[in-house]
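Work the whole structure out from these sequences, hints included.
Going down the list, the protein sequences come from chains L and D.
Counting from 1, one number per residue, gives the positions in the first sequence under the working numbering.
Counting from 1, one number per residue, gives the positions in the second sequence under the working numbering.
By construction, these hints were calculated from the structure, which means they are not laboratory data.
All the pointers check out, no bait thrown in.
Below, in silico cross-link-like pairs of lysine-lysine (BS3-like), each with a Cα-Cα straight-line distance of 30 Å or less: (1) D:K272 <-> L:K55; (2) L:K52 <-> D:K272; (3) D:K196 <-> L:K12; (4) D:K147 <-> L:K12; (5) D:K68 <-> D:K147; (6) D:K147 <-> D:K120; (7) D:K68 <-> L:K12; (8) L:K12 <-> D:K244; (9) D:K133 <-> L:K12.
All values reported here derive from a predicted model rather than from experimental measurement.
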Amino acid sequence: MDTAKKENLNDKDIQVILGTLLRAGVIISMSIVLIGGAIFLIHNKGAITDYKVFKPELSKFSSILGIFKGVASFQGDAIVQFGILMLIFTPIARIVFAIFSFLIERDYLYVLIGFIILAIITISLNGGIAH
Amino acid sequence: MSVLLFTIIVLLGAFLAGLLGSLTGLGGGVIIIPLLTLALGVDIHYAIGASIVSVIATSSGSAAAYVKEGITNIRIGMFLEIATTIGAICGAIVAVYLNANYIAILFGCILIFSAIMTLKKKVDHTTLEDTDKWARFFRLNGSYPDKGVDRSYAVKHVPGGFLMMLFAGTLSGLLGIGSGALKVIAMDNIMRLPFKVSTTTSNFMMGVTAAASAVVYLHRGQIDPGIAMPVCIGVLTGATVGSKVLVKAKTDKLKIVFAVVVAFLALQMIYKGISGL
Numbered sequence: 001m002d003t004a005k006k007e008n009l010n011d012k013d014i015q016v017i018l019g020t021l022l023r024a025g026v027i028i029s030m031s032i033v034l035i036g037g038a039i040f041l042i043h044n045k046g047a048i049t050d051y052k053v054f055k056p057e058l059s060k061f062s063s064i065l066g067i068f069k070g071v072a073s074f075q076g077d078a079i080v081q082f083g084i085l086m087l088i089f090t091p092i093a094r095i096v097f098a099i100f101s102f103l104i105e106r107d108y109l110y111v112l113i114g115f116i117i118l119a120i121i122t123i124s125l126n127g128g129i130a131h
Numbered sequence: 001m002s003v004l005l006f007t008i009i010v011l012l013g014a015f016l017a018g019l020l021g022s023l024t025g026l027g028g029g030v031i032i033i034p035l036l037t038l039a040l041g042v043d044i045h046y047a048i049g050a051s052i053v054s055v056i057a058t059s060s061g062s063a064a065a066y067v068k069e070g071i072t073n074i075r076i077g078m079f080l081e082i083a084t085t086i087g088a089i090c091g092a093i094v095a096v097y098l099n100a101n102y103i104a105i106l107f108g109c110i111l112i113f114s115a116i117m118t119l120k121k122k123v124d125h126t127t128l129e130d131t132d133k134w135a136r137f138f139r140l141n142g143s144y145p146d147k148g149v150d151r152s153y154a155v156k157h158v159p160g161g162f163l164m165m166l167f168a169g170t171l172s173g174l175l176g177i178g179s180g181a182l183k184v185i186a187m188d189n190i191m192r193l194p195f196k197v198s199t200t201t202s203n204f205m206m207g208v209t210a211a212a213s214a215v216v217y218l219h220r221g222q223i224d225p226g227i228a229m230p231v232c233i234g235v236l237t238g239a240t241v242g243s244k245v246l247v248k249a250k251t252d253k254l255k256i257v258f259a260v261v262v263a264f265l266a267l268q269m270i271y272k273g274i275s276g277l
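Here's what the structure looks like:
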């Protein structure tokens, strides 16, 4: 009974921290998107949109390096893309945190499951770069 | 259309999509993609890229609240994420080679299916019989707070649920949606989870699933900041409002309205896809 109680407490703590992590990740990345969006709109509000045909070769920010270069020169759309990158990494950070918390709980099966998910996403990162 | 006008229209549409997606548990993707492609003439590849970003925002935003309340089953979520992430990557890679018209037709079919699923009366299959050896091995059985009482539940048919999640993940990666309807089938009907747990756990899983395919889309150039910015801001705001209302609102009538709208959009997308072949 005692150990079960302790476990529940741990689970509850993990839930609260996980929730906070997710919320913080979303708030931070969306703030960056908002700031970038404002800068982008100020500079481009009169420009004409054209998304009728998919032209991947025109995409300026399709690599992490490209995004960082754009952010360094203070381009609004690069800052938006950086915020989106942060948003993509929020659930990934959640997995990393979950691995740590299951490690503290000594639930090694779920530590392994966490690593498997991370490995799958890393493979997709590499697969994406190859394109 | 000027960038400013485009941003405002997409922002409003995305707000509505996020609100409805959160209330029905289906996600905003199913509304935002038809809006972008049918109403604004955006290529479906860009629409999918923007939608997947909004799925991450919706999922993480509302999951944050559910997780704190202790309804989400984190173990089930993580266990099934193995299936959904593998599926998502396969789907995102296949999407790269698929013609936009085929994607539109497939999207329309999934939309109609989702609409039917929201109308189908849910039958509570919750059980306390702890008989599944996989559920015991992975410690998936749990309990959740319901009106101040802790309700326990036992998980069934883990391999079947896992396979269904693989399929749900593939469609998520292929179409840029959360594929909530399929996740609910896997968790409610196959694994016999209580509604509250399946809805919130499905939400919890979507972020990681979408992140896996978003990475592929980003490198492929499908995530355009000009579209993704208003989409994710709008959807997140809508979803936040939705999750606040969810606890009180009776969503039955809303679901019928939503299903009719979705079916209409679906037929439009299928028509457009077929006529473009």
